[in-house]
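Just so you know, the protein sequences line up as chains X and F, in that order. FYI, this note's numbering numbers position 83 of the first sequence as 83, with every residue one higher than the one before it. FYI, this note's numbering numbers position 5 of the second sequence as 5, with every residue one higher than the one before it.
Hints in this document: simulated from the structure, not taken from any laboratory. All values derive from a computational prediction rather than experimental measurement. Heads up, a few of these hints could be off.
Selected chain X positions facing chain F (Cβ under 8 Å, derived; list incomplete) [what the hints assert, rightly or not]:
1) Leu-120
2) Arg-124
3) Leu-125
4) Val-126
5) Ala-130
6) Ala-133
7) Val-134
8) Leu-207
9) Gly-210
10) Ala-218
11) Ile-237
12) Leu-244
13) Val-251
14) Ala-262
Residues of chain F placed beyond 10 Å of chain X at every Cβ, according to the derived structure [unchecked claim]:
15) Ile-2
16) Thr-5
17) Leu-6
18) Leu-9
19) Pro-60
20) Leu-114
21) His-140
22) Asp-169
23) Tyr-174
24) Ala-223
25) Leu-228
26) Arg-240
27) Pro-271
For glycine and all other residues, C-beta sits at the position ideal for the given N, C-alpha and C.
Given next are the chains, with one letter for each unit.
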Amino acid sequence: MASPPRLQRLTRQPMAAVGLGLVVALTLLAAVAPWIAPYDPLQVQLGPANSAPGLEFLLGTDAVGRDCLSRLLYGGRVSLPIGLLAVAVAVSLGTAMGAAAGFLGGWADTLIGWLTDLFLALPRLVLLLAVLAVASRVQHGRFLLVALVLGATGWMPVARIVRAQVMSTRGRPWVQAARGLGLPPSRILVRHVLPWALPPVMVHASLLVGTTILAEAALSFLGLGVPQPTPTWGNMIAEGMHRLDSWWLTVFPGLAITAAVAGFNLLGDGLRDALSREEETAA
Amino acid sequence: MIRFTLRRLLTAIPLAWAVVTVSFLLLEAAPGDVSGVLVPQGASPALREAILTKWQLEAPMVTRYLTALGNLCSGDLGLSVVRERPVLDLIREALPATLALTGCALAVMVLLGLGIGSLQALRRGSWLDRSATITSVVLHAVPSFWLAMVLVLCFALWFPVLPASQATDPMAAYLPAWRQGLDRLAHLLLPALALGAANAALIARHHRSALLEVMDQDFIRTARSLGLGPWRVLTRHALRAAVLPTVTLLGVALPFLFSGSVVVERVFAWPGMGTLIFEGIEHQDTPVVLGCFLVYGLLVVVGGLLADLAAAALDPRIRLD
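Working from the sequences, and respecting the hints, build out all of it.
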């Protein structure tokens, strides 16, 4: 293929480049947080409580005198990995469901279609609320639990995409040839059908990271995510709710969430454009 | 069309059953139980026994499940264990507040989304188009509860022009009717804006590209060549064709809107379904949670149905069967 490499095609679109930049920057900041954070994020009474942003505490301090900048940096170490892990779960689950529905057809398709509709019919947050409230006593491994639950409630669009792709691919000549060669169905599915579903799933996964970070933030905000004192962007906003006059408690974590979500959304849009252009040039 | 409506509503029945069963099992799996809330500390064994029997707390799980199902089928949502009031009454009080909030948010979504999207499509490539594109990327990424707090910060704290919590003023009952209406509207404004803004961005984006596509088509060129002004071409011909995907999108966006309303209601202490279900979950008030789940599920089904019917009304090519 004579077309330029994919990454280059992606960064050539200004919006996608901004998205990629945001994602990389925030990931790096979260990764090196222990080295660049000015203070210990859990240390109380570092300075006066509720002091406004200034030279000593760049983003101010919270009600018990913790440094907001350090907490913000460390918050990325919870919010971002939970988002990514949850999407990994959602994509795996959705791919399995969609592949089963599209490849097996018949009652499996009916059942999975019904399950998909069921999960889509409930507002996701309400479902999350119920599951996490039930598991409210689970304090150890809360991180994993939240990621799993977010993944388990986010797989439906992926399943739909994969199902549609599998249905359109399974009648293609190379699949029939593979059948004719007597390859086992599982091998046909994995080697000759599923790879065709990868591009749209990648696009959707990137967009899904955005919505998942938002959902995690909402859960943290409601007090059902990773609990205090571990900082997450969502529970930092919750802390600011009753002290709105200390606006810095609320504003900065929200900006961090917005930047992360916008980054992943722009990246997803860019991927979609890059891939659709590739299809155009291939056709 | 009537047959279509009936069939769609019929599909809601297995859905409702699954919703109830799943949420019942979830609540069963919850550690601890409501008896801790109901039985006062230091109650005599006899009193304890009486309370537990009254609320069927010691019956086997299957019995309670079947009772719950049977009651739901006859339209009886049971009593709230914590508030000792019929769940139906609680929902009846909370539902209008949530419907008003989501309804207004929907209006914000549609008006802002269609308005901005149309402007962008008409002035394609201008600074207005570009800045609106960037704004909608940002708005789409903003958590609604955070936007809610920022709005409160701006319009209730720094420039105190609008109320920041509850659905009405505590003194509203003493005001004349028209002032009461105004008071309700003022209370609705910030929550509806917070809830609708993110989705308005989504709609603006879709509408912009839909309108651009329509504007390229033959019938628009014909309308233009007939000498119709741009405004008339837009409102009479282009919008009607371009608005269809948006209507379908509204049906899809509804569950997200209800999700968002749970958090936004919390920020504004809004006395709606979100607050009701949140408190129900907190206190393990099974009947309340089951009832709310059911109502949310029904709202989504009915909303999707309405969106489909509206799409069919707008486009005679769509056949409902």
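Going down the list of hints, with the structure as the test:
no.	hint	in the structure
1	Leu-120	holds (7 Å)
2	Arg-124	holds (5 Å)
3	Leu-125	holds (4 Å)
4	Val-126	holds (6 Å)
5	Ala-130	holds (5 Å)
6	Ala-133	holds (4 Å)
7	Val-134	holds (4 Å)
8	Leu-207	violated (10 Å)
9	Gly-210	holds (7 Å)
10	Ala-218	holds (5 Å)
11	Ile-237	holds (6 Å)
12	Leu-244	holds (6 Å)
13	Val-251	holds (7 Å)
14	Ala-262	holds (4 Å)
15	Ile-2	holds (22 Å)
16	Thr-5	holds (17 Å)
17	Leu-6	holds (18 Å)
18	Leu-9	holds (13 Å)
19	Pro-60	holds (20 Å)
20	Leu-114	holds (21 Å)
21	His-140	violated (6 Å)
22	Asp-169	holds (20 Å)
23	Tyr-174	holds (28 Å)
24	Ala-223	holds (30 Å)
25	Leu-228	holds (34 Å)
26	Arg-240	holds (28 Å)
27	Pro-271	holds (17 Å)
The earlier numbered hints that this structure contradicts are 8, 21.
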